[in-house]
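Those protein sequences? They're chains P and L, same order as listed.
Counting with my numbering, you get residues 16 to 428 for the letters of the first sequence.
Counting with my numbering, you get residues 11 to 272 for the letters of the second sequence.
Keep in mind the hints are simulated off the structure, nothing from the lab.
Ideal Cβ positions, reconstructed from N, Cα and C, are used throughout, including at glycine.
Do not rely on the hints blindly, as some may be mistaken.
Listed below are the simulated SDA-like cross-link pairs for lysine to any residue, each with C-alpha atoms no more than 25 Å apart in a straight line [claimed, not checked]:
{"no.": "1", "chain 1": "P", "residue 1": "K423", "chain 2": "L", "residue 2": "M11"}
{"no.": "2", "chain 1": "P", "residue 1": "K343", "chain 2": "L", "residue 2": "V191"}
{"no.": "3", "chain 1": "P", "residue 1": "K262", "chain 2": "L", "residue 2": "S57"}
{"no.": "4", "chain 1": "P", "residue 1": "K423", "chain 2": "L", "residue 2": "Y45"}
{"no.": "5", "chain 1": "P", "residue 1": "K96", "chain 2": "P", "residue 2": "H143"}
{"no.": "6", "chain 1": "L", "residue 1": "K270", "chain 2": "L", "residue 2": "M11"}
{"no.": "7", "chain 1": "P", "residue 1": "K343", "chain 2": "L", "residue 2": "Y196"}
{"no.": "8", "chain 1": "P", "residue 1": "K343", "chain 2": "L", "residue 2": "V192"}
{"no.": "9", "chain 1": "P", "residue 1": "K343", "chain 2": "L", "residue 2": "I189"}
{"no.": "10", "chain 1": "P", "residue 1": "K343", "chain 2": "L", "residue 2": "P197"}
{"no.": "11", "chain 1": "P", "residue 1": "K262", "chain 2": "L", "residue 2": "Y136"}
{"no.": "12", "chain 1": "P", "residue 1": "K262", "chain 2": "L", "residue 2": "G47"}
{"no.": "13", "chain 1": "P", "residue 1": "K343", "chain 2": "L", "residue 2": "G188"}
{"no.": "14", "chain 1": "P", "residue 1": "K423", "chain 2": "L", "residue 2": "G47"}
{"no.": "15", "chain 1": "P", "residue 1": "K343", "chain 2": "L", "residue 2": "G194"}
{"no.": "16", "chain 1": "P", "residue 1": "K262", "chain 2": "L", "residue 2": "V192"}
{"no.": "17", "chain 1": "P", "residue 1": "K262", "chain 2": "L", "residue 2": "N221"}
{"no.": "18", "chain 1": "P", "residue 1": "K343", "chain 2": "L", "residue 2": "D195"}
{"no.": "19", "chain 1": "P", "residue 1": "K343", "chain 2": "L", "residue 2": "F193"}
Covered stretches of chain L (chain P as the covering partner; in silico rule of three or more C-beta atoms under 8 Å from a C-beta of chain P) [as the list claims (entries may be wrong)]:
{"no.": "20", "region": "170–183"}
{"no.": "21", "region": "192–199"}
{"no.": "22", "region": "210–218"}
Below are the chains, spelled out letter by letter.
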Amino acid sequence: MNLRLLFCCALLLYGPSSFAATLNVCGNCPYSTLHAAIASAHQHDVIRVHPGTYAEGMMVIDKPLTITGIDFPTIDGHHEKHVFYIRADDVTIERLQIQNSGQSDISEYAGIRVEESKRCRILNNRFHDNTYGIYLAKVDTCSVVANTVTGNTLSEVSGGNGLHLWYSTHLTVQDNLFERQRDGMYLEFSGDSLIEDNISRHNIRYGLHFMYSQRNRFYRNTFIENQTGVAVMYSHDIEMAENRFEKSWGATSYGLLLKDINDTRVVRNTFDGNTVAVVLDGANRNRFEHNIFSHNGWAMNVFGNSDGNVISQNNFISNAFHVTTNTKSVQNIFAGNYWDDYRGYDLDHDGVGDVPFRPMKLFSLWIAEHPELVSLMGSPVIEFLETAERVFPVMTPKMLEDHTPQMKRFADL
Amino acid sequence: MITTIAKFEFHENIRSKWLLVYSFSFLVFSALITYLGQADPLQASASLLNLVLLLVPLFSLIFGSISFSESLSFQQMLVTLPISRRDIFLGKWLGLGFGLSLSFLLGMGVGSLLQMNLAEHGFGSYGLLLGLGTLLTFVFLSIAFLIATLVRKKEVLFGVILLIWFFFFILYDALLMGIVVVFGDYPLEVHTLIAAFLNPVDLARVLLFLNIDLSAMMGYSGALFQRYLGDTLGMATGIAALGLWTFIPAWLGLRAFSKKDL
Chain P
16 MNLRLLFCCA
26 LLLYGPSSFA
36 ATLNVCGNCP
46 YSTLHAAIAS
56 AHQHDVIRVH
66 PGTYAEGMMV
76 IDKPLTITGI
86 DFPTIDGHHE
96 KHVFYIRADD
106 VTIERLQIQN
116 SGQSDISEYA
126 GIRVEESKRC
136 RILNNRFHDN
146 TYGIYLAKVD
156 TCSVVANTVT
166 GNTLSEVSGG
176 NGLHLWYSTH
186 LTVQDNLFER
196 QRDGMYLEFS
206 GDSLIEDNIS
216 RHNIRYGLHF
226 MYSQRNRFYR
236 NTFIENQTGV
246 AVMYSHDIEM
256 AENRFEKSWG
266 ATSYGLLLKD
276 INDTRVVRNT
286 FDGNTVAVVL
296 DGANRNRFEH
306 NIFSHNGWAM
316 NVFGNSDGNV
326 ISQNNFISNA
336 FHVTTNTKSV
346 QNIFAGNYWD
356 DYRGYDLDHD
366 GVGDVPFRPM
376 KLFSLWIAEH
386 PELVSLMGSP
396 VIEFLETAER
406 VFPVMTPKML
416 EDHTPQMKRF
426 ADL
Chain L
11 MITTIAKFEF
21 HENIRSKWLL
31 VYSFSFLVFS
41 ALITYLGQAD
51 PLQASASLLN
61 LVLLLVPLFS
71 LIFGSISFSE
81 SLSFQQMLVT
91 LPISRRDIFL
101 GKWLGLGFGL
111 SLSFLLGMGV
121 GSLLQMNLAE
131 HGFGSYGLLL
141 GLGTLLTFVF
151 LSIAFLIATL
161 VRKKEVLFGV
171 ILLIWFFFFI
181 LYDALLMGIV
191 VVFGDYPLEV
201 HTLIAAFLNP
211 VDLARVLLFL
221 NIDLSAMMGY
231 SGALFQRYLG
241 DTLGMATGIA
251 ALGLWTFIPA
261 WLGLRAFSKK
271 DL
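Could you build all of it, start to finish, from the sequences and the hints given here?
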C-alpha cells in the first residue's frame, strides 16, 4: 500500500508541468534539427521550432512531447514516408507547416500519422501536398483543430484523404479545412466523435466518407463542390445538423448518399444546387427535419429498399424534381413539408393545405424508369402534363403523399 | 439583285406594325421574366428559353407565310422584269429574315439586359440563347416559305402553318414521350438523341440546356448527349444541323417556286 502511494507521489513529481524543459530548434540554436531535439528530449518536454525550413521527414515520436512552431516553420518530408510518425500518448503538434510526405502504392504515407495512442492534439497546422494529411489509426481522445489541409491529388488510386480515421474513437475534429484530397474526411470503424465547423471542398471524390462508424455527430460542416458529394455507409445513430451540402453537380454526384444508414437524424441542413440532394439506399428509420432543399435536380431519391424514414417540416424549393422513387408501395412518411409548387387551398386558415400534395409527378416517375426522357427536360409537354395532373388527379402516382402540406415556407434557420 | 430585293424587303418590313408588336412582346415578356426570376437565375433562363422557343417559331411561320402569299401580285410584277425567280425568292427570304431577327434581338436584348446581371448569368449562355433564336427564325422562315409556295389557299395555308407549329412545339415531344414510355424496355438513348436532331425546337433546347449544365441531371443518357453535343464540336454539329434545317426547306421552296405557275 505504502509503496503504491510512493509511486503515485513520484508520478506526480514527474508530472508534465513540473520538470518540462524547453528545447529550441533553429539554425544556430542548441539543436539545429528536429531529429536531434526529439532524440534528446525527455517526456513532456516542449520543442520550440523557430522560423525556417527543415528538410526532415520520418520523425518518429515515441514519448509524450509538445512540438510548437513559431510563425509556421516548414517541415519538408522530401517525399520520404510519414513526416511525423507518432506512437506515444499526449503528443501535441501545433503551428507547423508540414509538407511533402511520401507516396507509395503499398503504404499510406501522411503528414502526421498517429498510431495506437491517446490524447494527441494536432492544432493549427498547415498541410501541403501530403498523400494523406492527418492519419489516425487506433487512436483515442484526440483533437484535430484549426488545421488547413491542402492536397494535390490527381487520381483516386494514388491519392489519399485529408483526414483519415481508422479504428479511432472519441475524437474532436473542429474548424479544419480539407481540400483537393481524395476524400476530405474519411472514417472507417471510428465512432463517438464530434466533427464540427469544418469545410471540405474541391476533393476529387467525397467531401465526407464513412463506413462502420457509429454515433458520430456532424455539426455545421460545409461540403461544397466535391466531385461526388458526401457518401455515408453501413452505420447507425449518426446526427447531422446544420451542415451545408452544396454544388455537387455532375452525372454521378449527390449531396448526401445514405447507404445502409439507420436511425440517423438529419436536421436543419441545407442542400443546395446538387444533382441529387439526398439518396436513400437501404436506409431505414432515419428522420429528416427542418432541412432546406433548394435548386437541386432531384431533392430526394428514395430507393425501394428504404423503409420507415420520416421526412417532415422541410422546405422544398425550386428543385427540378422533389422526390423520385422506384417502388410502388409506401414505406416512408412525408408529412408537413413545404412544397413550393403546391397549388392547394387552405379554407380553415390553419396553415395546412386541405388537399394532399403528391411530390412524385407522373413525369418524375417516368423519368426514373426511362432516363432517356431527360432530353425532354424543359419541354412544354411536361408543363402540359402537370396541368393535366392537376385537372385529373387520378393521373398522379399515389404512392407518395404529404397529407399536411404547409401553405407557408418555414423561416430560414 | 438579291441584295436590292433583300434591302427593299427589309425596309418594307421593318416598318410593319407586326414586327413592332413582335419586338415589343419580347421586350415585355423578357423584362417580366428577368424581373420575376431574379431570385432564381436558373429558372429564369429556362423561362427565357421557353419564351424564345414559343414565340420565334410561331411568329416566323405566320409572318413569313402571310407576307409571302400576300406579295404574290408584286412577285408577278417582278417576274416580268429581267429578274430571276431565285433572286426574288432569296431576296425576300433574306430581307424578311433579317427584319425578324433584328426585331427579336432588339426586343429580347433590351428587355432582359435592362435587369439581368450578365456576370451572374454568364454571357455565354445568354449569347447562345440569342444566337439560337436567330437561327430558329431562319429555320421557320424557310419552312413558312416552302409551305406558302405549295399552298395557295390562304385559309388552308394558315391551318397548315399552325399545325406545323403545334407539331414542333408540343406534339412531337408528346409523341416522343409516349414512344419512350411504351417501348421503354428497349435501349432508346441513341434514338432520343437522333430524335432531338429531327426537331429544330428540341435541338435548340437541348443545346442550351447542355450549355447551362443541366446535363448533369441526365445521368447515363445525359452522358450520351454530353458526349455528342456537349463540347464545342457537338455545339458545331448542332448548329450545322440547324443550318440544314434552314437550307433544305428553303431549297425545296425555291425549287417549287421556280416551277410554280404564278
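Hints and how they fare:
For the given pair, K423(P) sits about 65 Å from M11(L) by alpha-carbon distance, which is inconsistent with the 25 Å threshold. Distance check on the hinted pair: K343(P) and V191(L) sit about 17 Å apart at the alpha-carbon level, within 25 Å; holds. At roughly 22 Å between alpha-carbon atoms, K262(P) and S57(L) fall within 25 Å of each other, so this suggested pair holds. Distance restraint check for K423(P) and Y45(L): the Cα-Cα separation of roughly 23 Å lies within the 25 Å cut-off, and the hinted pair is therefore satisfied.
Of the supplied pair hints, the one linking K96(P) and H143(P) holds, its CA atoms being roughly 15 Å apart against a limit of 25 Å. Among the hinted pairs, K270(L) with M11(L) is consistent with the structure: their alpha-carbon atoms are about 21 Å apart, no more than 25 Å. Only pairs whose Cα atoms come within 25 Å are accepted, and K343(P) paired with Y196(L) is accepted, the gap being roughly 22 Å. The suggested pairing of K343(P) with V192(L) holds, with an alpha-carbon distance near 18 Å, which does not exceed 25 Å.
Between K343(P) and I189(L), the direct Cα distance comes to roughly 22 Å. Compliance with the 25 Å bound is thereby established for this hinted pair. Distance hint between K343(P) and P197(L) is fulfilled; the C-alpha atoms sit about 23 Å from each other, no more than 25 Å. Simply put, K262(P) and Y136(L) have alpha-carbon atoms about 22 Å apart, close enough for the 25 Å limit, and the pair holds. The suggested pairing of K262(P) with G47(L) holds, with an alpha-carbon distance near 20 Å, which does not exceed 25 Å.
The straight-line distance between the Cα atoms of K343(P) and G188(L) is roughly 21 Å, inside the 25 Å bound, and the hint therefore holds. For the hint linking K423(P) to G47(L), the alpha-carbon distance of about 20 Å falls within 25 Å, and the restraint holds. About 18 Å separates the Cα atoms of K343(P) and G194(L), which keeps this hinted pair within 25 Å; it holds. For the suggested pair K262(P) and V192(L), the alpha carbons sit about 35 Å apart, so the restraint of at most 25 Å is broken.
Among the hinted pairs, K262(P) with N221(L) is consistent with the structure: their alpha-carbon atoms are about 17 Å apart, no more than 25 Å. A distance of roughly 18 Å separates the Cα atoms of K343(P) and D195(L); the hinted pair therefore holds under the 25 Å criterion. Proposed proximity of K343(P) and F193(L) is supported: the alpha carbons are some 20 Å apart, at most 25 Å. Under the rule that three or more residues need a Cβ within less than 8 Å of chain P, the assignment of the region 170–183 of chain L holds, with 3 such residues.
Residues of the region 192–199 of chain L lying with their CB closer than 8 Å to a CB of chain P number 3, which satisfies the three-residue condition for coverage. Beta-carbon proximity to chain P at under 8 Å applies to 3 residues in the region 210–218 of chain L; the threshold of 3 is reached and the given coverage holds.
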